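**Student:** Chain by chain, the residues run as shown.
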Amino acid sequence: SQQGEEDPQALSIQEGENATMNCSYKTSINNLQWYRQNSGRGLVHLILIRSNEREKHSGRLRVTLDTSKKSSSLLITASRAADTASYFCATGFQKLVFGTGTRLLVSP
Amino acid sequence: DAGITQSPRHKVTETGTPVTLRCHQTENHRYMYWYRQDPGHGLRLIHYSYGVKDTDKGEVSDGYSVSRSKTEDFLLTLESATSSQTSVYFCATGQVGGRAYNEQFFGPGTRLTVL
Chain A
23 SQQGEEDPQA
33 LSIQEGENAT
43 MNCSYKTSIN
53 NLQWYRQNSG
63 RGLVHLILIR
73 SNEREKHSGR
83 LRVTLDTSKK
93 SSSLLITASR
103 AADTASYFCA
113 TGFQKLVFGT
123 GTRLLVSP
Chain B
52 DAGITQSPRH
62 KVTETGTPVT
72 LRCHQTENHR
82 YMYWYRQDPG
92 HGLRLIHYSY
102 GVKDTDKGEV
112 SDGYSVSRSK
122 TEDFLLTLES
132 ATSSQTSVYF
142 CATGQVGGRA
152 YNEQFFGPGT
162 RLTVL
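Line order of the protein sequences matches chains A and B. Each number in my numbering corresponds to the 1-based position in the first sequence with 22 added. Each number in my numbering corresponds to the 1-based position in the second sequence with 51 added.
Note that these hints are calculated values from the structure, not bench results.
Here's a subset of chain A near chain B, in silico, CB distances under 8 Å, partners left out:
#1 Leu65
#2 Leu70
#3 Phe110
#4 Gly123
This structure is a prediction, so every number in the text was calculated from the model and none was measured. C-beta: ideal position from N, C-alpha, C; glycine also.
All chains should be modelled from the sequences, with the hints used to inform the complete structure.
**Tutor:** Now the structure itself:
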């Protein structure tokens with residue numbers, strides 16, 4: 023069964039807008055990661071947030087974590103067409119469990 | 052994913068035939084993983100390895116076996132392929148613990164079709 027569930031399943035926006043994706047998980051975690059997958063490619067790690075962190079930034083990415091609600095959000099600011107991809111959250115330590123992903127389409 | 056290669060990249064086979072997928076890494080990572088990706092299911096772990104000759108099952112291991120005789124190679128075998136094993140297979144590697152945490156690095160994937 024999936025540990026993480028992303029919401030929404032699909033998101034369509036215009037270039038320059040912000041994109042927000044949410045992830046809910048079921049059990050306690052020590053960290054949560056976000057990955058990006060471009061069409062036909064493998065996943066690429068974006069950012070990791072530890073359970074004792076509430077917010078983390080990396081370039082145009084902002085991740086928040088609310089362990090009391092067992093949820094995380096990924097915000098991509100000023101989206102570009104190149105951000106078009108699927109985004110997955112993942113939890114676990116030796117073994118990662120991935121959510122089903124959010125498909126983001128950024129139109130020029 | 053330059054340090055992780057998968058072969059073959061595409062394969063079409065018939066039901067009942069054995070199939071072996073190969074993952075090769077040049078990262079010297081201790082951990083290696085095989086996932087399958089299907090629409091509506093995201094990535095699901097098949098098997099993983101935490102060292103040479105040390106492997107363990109994942110969420111969807113039935114019908115699959117693995118072997119790791121060298122740090123750099125991790126083989127996934129479908130003993131008798133079935134149509135339900137049609138999928139895209141990804142290999143990943145990683146280090147766990149210490150400053151490396153548990154980020155995983157993915158190969159480019161193998162698209163397997165079982166007719």
